[in-house]
Amino acid sequence: SVTKIRSSFTTIKANIQARDSIRTLSILSHPHSLHKVKVGRCCITRQLFNFYVDKVFKHCKTEDSFVNRKISSIANSFLSVKRKLEQCHEQNKCLCGQESDEKFKQILANYEGLNVTSAAIKSLGELDILLDWIEKS
Amino acid sequence: SGELYCSLPNPRNVHFESINMKNVLHWSAPEGTADGVLYKVKYSVYGVGKWIRKPECKNINRTWCDLSSETSDYEEQYYASVKAFLNGMCSDWVETTRFNPLTDTKIDPPMVNVSSTEKSISIILTAPEKWKRSPEEESVSLVQVYPGLQYNVSILKKKTKKRWWFSISNNTLVVPWLEPGTAYCVSAQIYVTTPLLHSGFSKEHCIATLKDK
Amino acid sequence: GDALLPAPQNISILSTNMKHFLTWSPVIVQGETVRYTVEFQGEYEREYANESWIPICECSLITATMCNVTEDISATVAYNLRVRADVGARRSEWGTLKGFFNRITTSLTPPLMKVIADGYHLLVELEDMGPAFQFCVLYWKKGQESRMQQKVVKQVSSVVHLDTMEAGSDYCVKAQAYVEAINRSSSFSQTQCVRVQGGTSMWL
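Chains as they are written, first to last, in my numbering: chain A, 118 to 254; chain B, 981 to 1193; chain C, 1123 to 1326.
FYI, nobody ran anything at the bench for these hints, they're computed from the structure. Hints are supplied without guarantee of correctness; some may be wrong.
Straight-line Cα separation of at most 27 Å, DSS-like style, residue types lysine-lysine; simulated pairs [stated by the list, open to error]:
1. A:K253 - C:K1273
2. B:K1138 - C:K1236
3. B:K1002 - A:K253
4. C:K1276 - B:K1137
5. C:K1273 - A:K199
6. A:K153 - B:K1137
7. B:K1142 - C:K1236
8. B:K1110 - A:K153
9. B:K1138 - A:K153
10. B:K1112 - A:K155
11. C:K1141 - A:K199
12. A:K201 - C:K1276
13. B:K1086 - B:K1002
14. B:K1137 - B:K1183
15. B:K1142 - C:K1263
16. C:K1276 - B:K1183
Just chain A, same shape as in the assembly:
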């Protein structure tokens, strides 16, 4: 699924990132980079997949039918992965800790610091940051 998410995102990356005019803020990489998270990776991944499914995709509708179809593909793939992570969580295999909770709180604060549509488009445009981090492990 991550490979499919990556390929779908690559086709709309330039389009989505061009809609994000705020260069000076980031949801996932500043002030503290997702890449610096070493502990509680599964928990953060699960929280981020929930975050994208619950908060982000629904505010990313565009006037471009092709882009909307790719967003749907990504959103449904996220939902499929989210389900698997929830099973891990229920089997206590995806436990959270203070560092991961702290990190996710900060990501939410970044997100809520912007208006909903800007925050959603920015988050969608940062999917490669999330995927780079996931694929690094």
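Given the coordinates of chain A, work out where chains B and C should sit on it, guided by the hints.
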């Protein structure tokens, strides 16, 4: 900031060209301008609030600027921007799209080292190194940057034109039980599954197995 | 006159080897060209996006009674699909696929395979079934089924090298397709066996 009146046409096609994470900003001169145009360059780390000028690319007349040093942290993403000047006029700043060194770089083919015995060929592949500031700096192989890096190896028997393919994760391959005194040509390609990247094929390295004693 | 246009019927999905086609029966209107439009809805749209539907522009106002939905059925979740008919200004209700479609139910066929003995070397040529596919190739020396060996082939590039063989023996090979996205495999292909001649005439 004392900027000049900016009615000069903009630089065009401002983009990064990256090979093995040597990240060079390129652009084309503004339309309709002959010689004499000068440029200056700035860059920014995505998510950080300031643009940084590149002194070595101030008032330059070439249409490229090496930003490898400034963009060497591949866990960050970047923007760069160019402004043109001519006869007291200037253009607007023109930005790149967001540049992600990890996914937007191109990878060179691996180096191929081939040796042979009477009936076998041994192949050693070396992935390119990530760009580094100076020869003294510690080398980082792209294998360390892309943990999923693998190699596709093609072996062609010149006499029969038959070609075989191997996919390997480590960088050595020994092909036994070949015909003595016969020429084989080897070529290799790097491919990474996530993110999806692949190099071109190396040029062919031909070698003959030793003759039967 | 302007009787209501009937909705398309017999809507179904043909799904083989991760290629998915929506088909339906034609709506017959004498002397008129009927055109059809297809939309899809993933589980995400149902549960998180107000049950919204997404148009497939390649299947908008088409005359065919089939639509390739492979590109849009791109996650392993339950999808809804629907079709409506248009004739001039007249438009039918939506006809909806009965039940959901999940690509996990796609039918997988064994790969076409050609086994080659080239000197002492055992090789296999596999059908390119698309980016979603990998192959599990099993090979063994005839009579030594218990010492079967396995090779996973992720990238299909013409002739793939399996192993070297002992002179004068028979070797057998069979392969199955595997789709990681749905974690399912096809049945195995027919077993093919080849003989390795002895002597020097058989160098690669």
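Problem - Restraint check for K153 of chain A with K1137 of chain B, where alpha carbons must lie at most 27 Å apart - result: violated (49 Å)
Practice task
Take the C-alpha atoms of K1276 of chain C and K1183 of chain B, compute the straight-line distance between them, and say whether it is at most 27 Å.
Solution key: holds (24 Å)
Practice task
Would you check the hint for K1138 of chain B and K153 of chain A, treating anything up to 27 Å between C-alpha atoms as holding?
Solution key: Violated, because 51 Å separates the two Cα atoms, which is more than 27 Å.
Handout entry: Proposed proximity, K253 of chain A with K1002 of chain B (alpha carbon, max 27 Å)
Key = holds (21 Å)
Handout entry: 27 Å Cα cutoff - pair K1142 of chain B, K1236 of chain C
Key = holds (15 Å)
Problem - 27 Å limit on alpha-carbon distance, applied to hinted pair K1142 of chain B and K1263 of chain C - result: holds (24 Å)
Exercise for the section: Could you grab the alpha-carbon distance between K1086 of chain B and K1002 of chain B and see if it respects the 27 Å cut-off? Expected result: holds (9 Å)
Exercise for the section: Starting from K1137 of chain B, check that the Cα of K1183 of chain B is at most 27 Å away, please. Expected result: Answer holds: K1137 of chain B to K1183 of chain B is near 15 Å, not above 27 Å.
Practice task
Please work out if K1112 of chain B and K155 of chain A have their alpha carbons no farther apart than 27 Å.
Solution key: This hinted pair holds, its Cα atoms lying about 26 Å apart.
Problem - Restraint status (C-alpha distance of K1141 of chain C to K199 of chain A at most 27 Å) - result: holds (24 Å)
Exercise for the section: Given the hint that K1276 of chain C pairs with K1137 of chain B, test it: the Cα-Cα distance must not exceed 27 Å. Expected result: holds (24 Å)
Handout entry: Given pair status - K1236 of chain C, K1138 of chain B, alpha carbons within 27 Å
Key = holds (22 Å)
In the structure shown, a violation is registered for the earlier hints numbered 5, 6 and 9, in ascending order.
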